[in-house]
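K.L.:
Protein chains in written order, with numbering that gives the first Met the number 0: chain A, 0 to 248; chain B, 0 to 281.
Some hints could be false.
[Unchecked claim] Calculated lysine-lysine pairs in the BS3-like style (CA-CA distance at most 25 Å, straight line):
(1) Lys100/A <-> Lys204/B
(2) Lys181/A <-> Lys229/A
(3) Lys130/A <-> Lys86/A
(4) Lys86/A <-> Lys13/A
(5) Lys276/B <-> Lys100/A
(6) Lys229/A <-> Lys34/A
(7) Lys86/A <-> Lys115/A
(8) Lys130/A <-> Lys119/A
(9) Lys56/B <-> Lys137/A
[Said to hold, decoys possible] In silico contact screen, one side only, chain B against chain A (beta carbon under 10 Å); selected entries:
(10) Thr178
(11) Ala182
(12) Ala183
(13) Thr189
(14) Gln201
(15) Lys204
If you are wondering where the hints come from, they were derived from the structure by calculation, not from laboratory data. We treat Cβ as the ideally placed atom computed from N, Cα and C, and that holds for glycine.
Here is what each chain is made of, one letter per residue.
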Amino acid sequence: MMVWTPDQPIVRLKDVHKSFSALTVLKGISLDVMKGEVICIIGPSGSGKSTLLRCVNALVPIERGSITVEGQEVNDPKLDKLALRRKVGMVFQQYNLFPHKTALENVMMAPIHVLKRDRKEVEAQALALIKKVRLEGKEHVYPGELSGGQQQRIAIARSLAMNPDVMLFDEVTAALDPETVKGVLVTIRELAEDGMTCMIVTHEMGFAREVANQVYFTDGGLLVEHGPPKEFFANPRDPRTKQFMDQIL
Amino acid sequence: MIVSRTDLAVLKPFRLGAAATSSEPWRFTLWHGVALLAALAVAIGIGEAQAQAAIGKPGIIETMIKWTPLLLQGFALNIAMSFLAMAIGTVVGVPLGLAQISLLPPIRGSSWFVTQFFRNSPWLVLLFYCMLLLPFEVRIGDTVVPLPGWLKSTIGLSLPVMANVSELVRGAVRSIPYTQWEAAESLAMTRRQTLWMIILPQCVKRMTPPWMNLYAILTVATPLTSVVGVSEAMTLTGDILSSEGRTELLVPMYLYLLLFFFIYCYPIARATIALEKRFQVR
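All chains should be modelled from the sequences, with the hints used to inform the complete structure.
P.N.:
If you want it as structure tokens, here you go:
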């Protein structure tokens, strides 16, 4: 097996195919993400953006093609899924916090029980993370008492507590009230500035333009075009991209 | 030409989650109590009138008070049986319910079969089976443990309880949104960790009200054991009536017994409703 070095893509998708029974969702997706890079994936609903992310941490198995994370093949029946998921953090549209645990417990749970780390040390890290997402004072509050944006920031802290190498963001602001969106985006931007590798599925064009190194446009299970945000937003080449931009901007 | 495959998103048929949407369960209401008291008052009134016609016999209320200690003794056995059957049923039913969500098809299939078998069998039939099939004593090493009738019928009652608890567990686990599993999975938690630390703690809350309701149903089912000869309150009421030999006692006595059950079960029903309301808020 090839040994992965940081100058190779940290996440590499090659000709990835995925279908749910009769519905083909991904029809050959290839893309590379380098360490420290932030990519944004945009595109109409049902174009396979979320599925693409879910394939990367093996929440969804793929049929054909190859996905590697740090050189480790994800499309391998012998894959140690848990080892993969320790490296890849994921944040969901609906936050999916554990409602019976406080914010702090949500953040501490996986490091303690999955990584078997020392509780004191984890608690210190969790408190720092909660501070980082600017929710100091909410440590002992249950998710139900937090706003959507606050829950989402706790969810980000929960993922970060595992010290992942790659973060996946699946339309993390799509379910939020407009006034809470900004706080979440600021948190992600700070992460990106810290050098975290991020794959972001989003509908926030302004955010994508600002934070991404590469923007990908998907439609009908294919990557239609991609490029650095300046070029991509200034003059999209493909008619489908143009049409999509006209609709939302 | 008929096109059977499509690239368009298709609306899949809508399916209700299992057990998550059961209809309003049966339970005691205050109206049961009001109706019961009214009927009892009328029955005693008529009985007293009849008793006065027959000179030299004690009144209805007097007779009822006379037998109350014995009735209470019998009723205590009903309660004891309900406690024990609930305990056995829960201890066996929870693992059975967990087996129903096992990833191994043989375990899932067999536990499903056991659950469905006992859940859909008439309680009385199970009771008879246990009475007739279980020995009257078991030998463990040198000690002989007797199995009295009340214990055998308690085991009989615990079988449907077990099956219902099993379904409660399965339904509760299924009712937790799938996204909770996904979130735990993406944090590299194992299935076992997810089940014990994320899913089941959330289930306990959801299961408590229906579990209490099941207990109330079990309690009012304990008089079934009188059919197989257990000396519980129902059997004793029959004995009292035959020893008194007075027809005017029949209606008041059984209503009196019903009142026992109501007084015991009504607070449980109220508590169940209160818990349901409290858990809905969160």
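K.L.:
Each hint should be assessed against the structure and marked as holding or not.
P.N.:
Status of the hints after comparison with the structure:
1. Lys100/A <-> Lys204/B: Status holds; Cα separation ~13 Å.
2. Lys181/A <-> Lys229/A: holds (21 Å)
3. Lys130/A <-> Lys86/A: With a Cα-Cα distance of about 23 Å, the restraint between lysine 130/A and lysine 86/A holds, given a limit of 25 Å.
4. Lys86/A <-> Lys13/A: holds (20 Å)
5. Lys276/B <-> Lys100/A: holds (21 Å)
6. Lys229/A <-> Lys34/A: It holds: about 21 Å lies between the C-alpha atoms, which stays within 25 Å.
7. Lys86/A <-> Lys115/A: It holds: about 15 Å lies between the C-alpha atoms, which stays within 25 Å.
8. Lys130/A <-> Lys119/A: holds (17 Å)
9. Lys56/B <-> Lys137/A: violated (74 Å)
10. Thr178: This interface hint holds because 5 Å falls under the 10 Å limit.
11. Ala182: Hint holds; alanine 182/B Cβ to chain A Cβ min 4 Å, cut 10 Å.
12. Ala183: Because about 8 Å separates alanine 183/B from the closest Cβ in chain A, which is inside the 10 Å limit, the hint holds.
13. Thr189: Cβ of threonine 189/B sits 7 Å from chain A, so the hint holds.
14. Gln201: holds (5 Å)
15. Lys204: holds (8 Å)
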